[in-house]
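Work the whole structure out from these sequences, hints included.
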Amino acid sequence: MAERERRITRPFGGVFVARAQVMTAEEVHRATWRIAHEVTERNGGLDGVVIIGLQTGGVPLAERLAEALAEVEGVAPVTGTLDVAFHRDDVGLRPVLPEAVTEIPVDLDGATVVLVDDVLFTGRTVRAALDALTSFGRPRAVQLAVMVDRGHRELPIRPDYVGKNLPTRRDEVVNVSVDGVELGEMVK
Amino acid sequence: MRHLLDIADLGGREGIEDILELTDRFVEVSNRPIPKVPALRGRTVAWLFYENSSRTRLSFETAAKRLSADTANFSVGVSSVNKGESLRDTARVIEAMGVDAVVVRHSSSGAPHRIAGWVDAAVVNAGDGWHQHPTQALLDCYTLRQHIGDLAGRRIVIVGDIKHSRVARSDVDAFTTLGAEVTLVAPPTLLPPSLEGWPVTVSHDLDAAAADADVVYVLRMQRERMTEALVPSLREYTARWGVTAERAACLRSDAIVMHPGPVNRGVELDAVVADGPRSVIVDQVRNGVAVRMAVLYRLLGHAGAVGEDDIDG
Numbered sequence: 205m206a207e208r209e210r211r212i213t214r215p216f217g218g219v220f221v222a223r224a225q226v227m228t229a230e231e232v233h234r235a236t237w238r239i240a241h242e243v244t245e246r247n248g249g250l251d252g253v254v255i256i257g258l259q260t261g262g263v264p265l266a267e268r269l270a271e272a273l274a275e276v277e278g279v280a281p282v283t284g285t286l287d288v289a290f291h292r293d294d295v296g297l298r299p300v301l302p303e304a305v306t307e308i309p310v311d312l313d314g315a316t317v318v319l320v321d322d323v324l325f326t327g328r329t330v331r332a333a334l335d336a337l338t339s340f341g342r343p344r345a346v347q348l349a350v351m352v353d354r355g356h357r358e359l360p361i362r363p364d365y366v367g368k369n370l371p372t373r374r375d376e377v378v379n380v381s382v383d384g385v386e387l388g389e390m391v392k
Numbered sequence: 124m125r126h127l128l129d130i131a132d133l134g135g136r137e138g139i140e141d142i143l144e145l146t147d148r149f150v151e152v153s154n155r156p157i158p159k160v161p162a163l164r165g166r167t168v169a170w171l172f173y174e175n176s177s178r179t180r181l182s183f184e185t186a187a188k189r190l191s192a193d194t195a196n197f198s199v200g201v202s203s204v205n206k207g208e209s210l211r212d213t214a215r216v217i218e219a220m221g222v223d224a225v226v227v228r229h230s231s232s233g234a235p236h237r238i239a240g241w242v243d244a245a246v247v248n249a250g251d252g253w254h255q256h257p258t259q260a261l262l263d264c265y266t267l268r269q270h271i272g273d274l275a276g277r278r279i280v281i282v283g284d285i286k287h288s289r290v291a292r293s294d295v296d297a298f299t300t301l302g303a304e305v306t307l308v309a310p311p312t313l314l315p316p317s318l319e320g321w322p323v324t325v326s327h328d329l330d331a332a333a334a335d336a337d338v339v340y341v342l343r344m345q346r347e348r349m350t351e352a353l354v355p356s357l358r359e360y361t362a363r364w365g366v367t368a369e370r371a372a373c374l375r376s377d378a379i380v381m382h383p384g385p386v387n388r389g390v391e392l393d394a395v396v397a398d399g400p401r402s403v404i405v406d407q408v409r410n411g412v413a414v415r416m417a418v419l420y421r422l423l424g425h426a427g428a429v430g431e432d433d434i435d436g
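So the sequence lines, in the order shown, correspond to chains A and B. Position 112 of the first sequence, counting from 1, maps to 316 under my numbering, and the rest follow consecutively. Position 21 of the second sequence, counting from 1, maps to 144 under my numbering, and the rest follow consecutively.
By construction, these hints were calculated from the structure, which means they are not laboratory data. A hint or two may mislead.
[Unchecked claim] Have a look at the derived ranges for each label pair, beta carbon to beta carbon:
hint, chain 1, residue 1, chain 2, residue 2, range
1, B, Asp141, A, Glu358, 26 to 34 Å
2, B, Thr312, A, Glu307, 45 to 53 Å
3, B, Gly138, A, Asp311, 31 to 39 Å
4, B, Arg178, A, Arg223, 39 to 47 Å
5, B, Glu140, A, Thr338, 53 to 61 Å
Glycine residues also receive a C-beta, built at the ideal position from the N, C-alpha and C atoms.
Put into structure tokens, the structure is as follows:
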């Protein structure tokens with residue numbers, strides 16, 4: 205879960221306490237490699253594929269995915285980062301400040317964009333990302349890769365590539381990094 | 124921050140740096156193929172300009188539109204102000220129409236402060252009398268950061284009509300807050316009667332002051348100052364206080380020249396210098412839009428309470 209969500213998830217300002225390790229670093233690594241193979245299988249290689257990590261939690265995963273793709277295909281894919289703060293539907297409801305840079309080095313017209321995020325939850329971040337992408341061109345297709353799908357969708361959004369499906373309660377918190385995945389909660 | 128009336132409203136160094144950092148994000152937005160985000164959708168920003176301004180208005184208007192805010196113009200020339208409506212009544216009328224922010228320019232110092240006391244909307248000072256012009260100072264800080272990096276310990280010379288300049292007052296506040304050493308250079312008639320409490324040094328010799336400066340900030344020389352007999356003639360002003368090509372050649376090789384615009388070419392700033400490699404005037408204008416986006420977003424972007432069920436992932 206990105207730092208932003210962690211800060212605003214109730215109880216606000218609490219400390220994340222892990223209750224269970226769900227994936228080890230090794231398992232995250234293997235899942236990344238599997239997703240890399242799925243991406244190349246689905247798209248017949250990396251032609252026109254742009255890997256975009258969502259700030260902040262998706263970016264390190266997108267970097268690992270790009271590294272895996274480079275080894276699988278022998279060429280490095282085009283990568284970028286996207287911060288969706290200005291496109292969120294809850295701007296005005298709570299402090300939403302951009303935390304990190306957006307950098308998309310190519311025109312997305314006709315590209316196949318693979319969005320990478322750490323956790324798929326309500327789907328609102330992805331909706332904001334889809335909206336933001338339209339400012340950079342008209343991609344031929346947008347696909348979604350997430351390390352953890354924890355359910356509780358509020359919008360008609362589904363992932364194309366999933367590291368692990370993880371049933372959760374709404375008030376639980378999933379913490380994803382390249383070092384592993386933990387399930388826990390915020391404690392004051 | 125409820126309003127932005129002067130630089131002090133930003134709460135010191137941290138507040139200024141916060142806006143500059145946010146400006147980085149909006150510079151990126153401005154460079155997108157479609158430079159527009161829905162961040163302030165449904166918000167309304169009204170312009171209340173009692174004084175002529177083309178660039179500041181256009182800059183604010185572009186900023187608001189890139190944030191998807193609606194804009195409404197209370198154009199003083201054709202409004203009831205000419206029929207004798209008071210500032211207070213005008214402010215109340217604008218508020219009754221449900222605007223979220225009012226951007227005010229007024230020839231009287233303190234007018235935006237008064238308005239801020241009357242309305243619930245956020246008030247942004249776009250220049251009041253000789254007092255303050257905070258967004259100009261912020262865009263100057265941002266432009267300086269771009270060109271010379273951290274301002275701490277940097278030497279900045281501000282030359283020209285300090286007395287009547289709201290830009291100078293805001294710039295002195297902002298530059299010194301960020302740690303720069305500011306020297307004011309002006310004829311005695313164009314300095315304020317008292318500089319007590321200003322964290323600056325004063326000089327009447329431009330060549331000496333500018334010799335080791337990192338930045339020479341040139342203020343606009345308004346022609347009416349001559350009729351007020353504050354300077355003998357524009358030619359004499361240019362000879363002693365203008366940044367001529369000869370003078371610019373004596374600056375440090377990496378020194379930059381700034382100007383808030385519009386430039387009186389050949390008076391306070393030579394055309395060769397204004398268009399030359401030292402000049403960052405165009406960057407100032409370009410950064411103005413992103414800085415004003417940051418200010419509007421800061422004031423309007425997250426009003427209201429934190430929602431109950433808006434946890435995300």
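A quick look at each hint next to the structure:
no., hint, verdict
1, B/Asp141 / A/Glu358: 26 to 34 Å, "31 Å, holds"
2, B/Thr312 / A/Glu307: 45 to 53 Å, "51 Å, holds"
3, B/Gly138 / A/Asp311: 31 to 39 Å, "37 Å, holds"
4, B/Arg178 / A/Arg223: 39 to 47 Å, "57 Å, violated"
5, B/Glu140 / A/Thr338: 53 to 61 Å, "32 Å, violated"
Checked against the numbered hints given earlier, this structure breaks hints 4 and 5; the rest are met.
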